[in-house]
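Fit chain B to the supplied structure of chain A, relying on the hints for placement.
Number of protein chains: 2
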Amino acid sequence: MPTATRARGFSDTIQNTMSSSGTTHAIRGGIDLGGTKIEAIIVDDANTVLGSSRKPTPTEGAPKDVAEQIVAAITGAASAAGLKPSELLGVGVGSPGVIDTETGAVRGARNLPGWEGSFELADTLSDRLGTPVRVGNDVQVATEAEFHLGAGKPYQSLLGVFWGTGVGGGLILDGKPWVGRGGAGEIGHVVVKLDGAQCPCGRRGCMEAYAGRGAMEARARKLADDGRKTDLFKLMRHRDRTRLTSSIWAHALEHKDPVATEIIDRAITALGAGIASAVNLIDVGAVIIGGGLGLRFGQPYVKRIATEMQPHLFNDARPPDVLLAALGDLGGGLGAALLVAPPAAD
Amino acid sequence: MPTATRARGFSDTIQNTMSSSGTTHAIRGGIDLGGTKIEAIIVDDANTVLGSSRKPTPTEGAPKDVAEQIVAAITGAASAAGLKPSELLGVGVGSPGVIDTETGAVRGARNLPGWEGSFELADTLSDRLGTPVRVGNDVQVATEAEFHLGAGKPYQSLLGVFWGTGVGGGLILDGKPWVGRGGAGEIGHVVVKLDGAQCPCGRRGCMEAYAGRGAMEARARKLADDGRKTDLFKLMRHRDRTRLTSSIWAHALEHKDPVATEIIDRAITALGAGIASAVNLIDVGAVIIGGGLGLRFGQPYVKRIATEMQPHLFNDARPPDVLLAALGDLGGGLGAALLVAPPAAD
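If you read the protein sequences in the order shown, they are chains A and B.
Using the working numbering, the first residue of the first sequence is number 232, and each one after it goes up by one.
Using the working numbering, the first residue of the second sequence is number 232, and each one after it goes up by one.
The following block holds chain A by itself, in its conformation from the complex (with noise of 0.2 Å):
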């Protein structure tokens, strides 16, 4: 993957917060950390971007190199910024695995190499960067970046859709984040067909299960290998790619692809069918749908979700406001730079 590093919506504004200190006042960094790419971006008080920065994600080795390589990210990003890291308010990462939110350590981040057990990222970071770090959940901080800054602005209740490799969820409830004992919002392993299909996660029947990128590329390969006709896995090779990325999903799905369109309907039906149980639990007002394939895919497929949900609804007179995530791949960014100065509650 191709490094990037680009100034972006850089003002004057950034000259007028600095203090006679050489620091900012509200100039914050956010990283979106991900088993594939690393994407750094600057914000000033207002969130509006003042540079960006991507780098693929180590694929070997050990939490350390994916922490040079972050350092490496904001550092270019606030470079576009004409800025360096030491003069940042400080930095947000939206992390998976399991997150201290207190020390900000991360253990049991399966998709990053090397990272089955607990490491003080917050405090690697800080050390090498020269200002604080905060450590949140991707899901979590890409949900309140939408709550605050996207499409969820107009609710106080709503759930985060993030549909991508697996099927993240993020929820803020009465306009606070709810993450129960730590681990609420995972609306990819609610349950949608008992005895159904195998998970990633190792379960059964998981909505996850339906709709992942990751699984649906499996049923792909196995109905690939059963004989069915598809140009999924050409398309794939043709890209030079060792995945089925949303962009090989979403080209088959124009071509009306079969086997494509087979898997996509029925991941649609799975998401149909989990969020509108969410909903029945929960009652919040909008569910936002964002996510690798939920942003390629865009508007229609959001109306899609919204019609597959409507039989399952058990107030169906009063659905909820289903709708497509305003942030976009910037989301898990701007949450993350969110974890340094908090917006006052609205």
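Be aware that one or more of the hints could be misleading.
Remember, identical chains collapse to one label, so a pair may be satisfied in a single copy or spanning two.
To be verified - Lysine to any residue pairs mimicking SDA-like chemistry, simulated, CA-CA at most 20 Å apart: (1) 268 / 363; (2) 384 / 279; (3) 315 / 431; (4) 407 / 516; (5) 407 / 387; (6) 487 / 336; (7) 384 / 412; (8) 268 / 341; (9) 487 / 427; (10) 384 / 276; (11) 315 / 341; (12) 295 / 457; (13) 453 / 484.
To be clear, the hints were calculated from the coordinates, so they are not data collected in a lab.
What follows is chain B alone, placed relative to chain A:
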């Protein structure tokens, strides 16, 4: 159904809480308004039951006839406690249907006669009883009773599951009831099997389609009509009942009736999946099982539900505590009485 009026736990306390005007400071009435019976209790400020009365719910007529029967029940319970209704601090009612908690109007209580529209229940009762009346959702007040006074006391967040004719749910999150936009808690209508069994609600694959007493009875009739051997309906006729009550199910299970065993196994499987889905989403520390079937089957079945939840829990190393409701049949009335004098926040 016979009408029963009895005094229980009546003590000198009541005289001590009499004010000079003749009304009491903290003696309250609580009504559990069900589809088959109306249970009235009188409680003191320690939530000790001072008297109770039970009346059958009218099966014909209009909401005003139900209101008259509520008046009779609360008058009987007050009499058992040596009081007149007008001497109570107030009366709370836990009602089915859609409740306007501000005005105490109830609409769409479909299990009650002629109650499709809206009826000013609080105002009607208050005029007749000479004391303030507040109305809340039956399942939500029973959940609050377990939270403040019963099995939920050690927890800050919990899910109440009321396993009876239907399967209702109530939520306490961070010490407070969570009702969403007014319709939260419909755990009975989380989808556990896409394209699954027909639910009494008209949808397919809901948890209640497998676990509700109504759905289980319909299934038993179908299997009996198909020639499967069962004593369920023989027991029903023998006991002069028109439906398969929870005690008939319990008796058939004790005698290893094959149809009853198969249907209950299926119900427990569905409860396990549906409740685990809810826990995956909201990650509460406790699940409390009540309702007619839950209370009748008791602790061994609560344990079976917990066992069936386990394979579906995403955080399977930290399952929630799964507990039997501690207040039994009195939960609804005790919770309703809390509407009049809510306990201080824990």
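Outcome of the hint check:
1. 268 / 363: So residue 268 and residue 363 fail the 20 Å test inside a copy (23 Å) and across (62 Å) alike.
2. 384 / 279: within (16 Å within a copy, 46 Å between copies)
3. 315 / 431: neither (41 Å within a copy, 63 Å between copies)
4. 407 / 516: both (14 Å within a copy, 19 Å between copies)
5. 407 / 387: Classified as both; 8 Å inside a copy, 16 Å across copies.
6. 487 / 336: neither (45 Å within a copy, 53 Å between copies)
7. 384 / 412: between (26 Å within a copy, 17 Å between copies)
8. 268 / 341: within (15 Å within a copy, 54 Å between copies)
9. 487 / 427: This pair counts as neither: shortest intra-copy Cα distance 26 Å, inter-copy 29 Å.
10. 384 / 276: Within one copy, since 17 Å is at most 20 Å while 43 Å is not.
11. 315 / 341: neither (31 Å within a copy, 66 Å between copies)
12. 295 / 457: Classified as neither; 43 Å inside a copy, 66 Å across copies.
13. 453 / 484: within (18 Å within a copy, 43 Å between copies)
Of the numbered hints stated above, those contradicted by the structure are hints 1, 3, 6, 9, 11 and 12, listed in ascending order.
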